[in-house]
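Student: Here's the letter readout for the chains.
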Amino acid sequence: DVKVTQSSRYLVKRTGEKVFLECVQDMDHENMFWYRQDPGLGLRLIYFSYDVKMKEKGDIPEGYSVSREKKERFSLILESASTNQTSMYLCASQRERHHQETQYFGPGTRLLVL
Amino acid sequence: GDSVTQMEGPVTLSEEAFLTINCTYTATGYPSLFWYVQYPGEGLQLLLKATKADDKGSNKGFEATYRKETTSFHLEKGSVQVSDSAVYFCALSDGTGFQKLVFGTGTRLLVSP
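Heads up: the sequence lines are chains S and X, in that order.
Residue numbering for the first sequence follows this note's numbering, starting at 176 and increasing by one per position.
Residue numbering for the second sequence follows this note's numbering, starting at 193 and increasing by one per position.
FYI, nobody ran anything at the bench for these hints, they're computed from the structure.
Being a predicted model, the structure only gives us computed values, none of them experimental.
Note that CB positions come from ideal geometry on N, CA and C, so glycine has one too.
There's no promise every hint is true.
Simulated restraints on C-beta separations [stated by the list, open to error]:
#: 1; chain 1: S; residue 1: Asp234; chain 2: X; residue 2: Val274; range: 45 to 53 Å
#: 2; chain 1: X; residue 1: Leu238; chain 2: S; residue 2: Tyr225; range: 15 to 23 Å
#: 3; chain 1: S; residue 1: Thr180; chain 2: X; residue 2: Lys252; range: 21 to 29 Å
Produce the entire structure from the sequences given, and follow the hints as far as they go.
Tutor: Here you go:
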């Protein structure tokens with residue numbers, strides 16, 4: 176079974192702090208994604224990566240950056256956390272870049288910014 | 193751009209009732225269509241998918257048929273259980289460009305005994 180793990184299930188940070196969310200997949204998948212999930216808005220794509228050291232902006236990249244130094248690990252960085260970044264963050268991985276391929280999701284990190 | 197529209201929730205049913213959750217889409221190209229489910233406190237899991245017109249995806253008693261003529265992918269189950277209570281997301285992945293997943297807003301299903 177594919178396993179996608181996220182470093183924290185719950186996180187509380189203060190405004191202005193730098194926040195790191197880590198995601199690891201164990202199936203040698205090429206592609207990895209970061210989404211945020213908000214009530215009434217569904218899932219929105221923040222950033223994605225098709226290869227090591229490669230990144231692409233999604234639909235809402237402002238205020239975020241990412242890092243993919245190793246194939247199995249994809250980090251989401253909030254450079255200076257703000258209260259409007261309070262949300263559920265979901266990481267996903269995908270075997271290869273094809274529209275038929277399933278994305279596999281981690282359990283999510285619920286972030287509260289005070 | 194591509195988009196997915198789902199019916200508003202919550203959908204409230206009694207156990208053993210018939211379930212339909214409507215999903216329609218707009219897309220360029222020939223998308224693949226997915227239903228994901230999110231149980232309380234968990235991430236999303238793939239429920240079923242269909243990759244071309246007239247395909248039927250099925251899993252755990254749930255079914256959905258890819259209808260190109262009506263641009264729909266409605267989710268159905270003949271007899272729901274309390275354990276089916278969750279949020280259901282319809283999504284598409286277009287066959288062009290970056291082939292990202294585009295999600296609907298989700299429909300919460302509540303099943304009572």
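Student: All hints, please: hold or fail.
Tutor: Now for the hints, and whether the structure bears them out:
1. S:Asp234 x X:Val274: 45 to 53 Å: violated (35 Å)
2. X:Leu238 x S:Tyr225: 15 to 23 Å: holds (20 Å)
3. S:Thr180 x X:Lys252: 21 to 29 Å: At roughly 24 Å between Cβ atoms, Lys252 of chain X and Thr180 of chain S fall inside 21 to 29 Å, so the hint holds.
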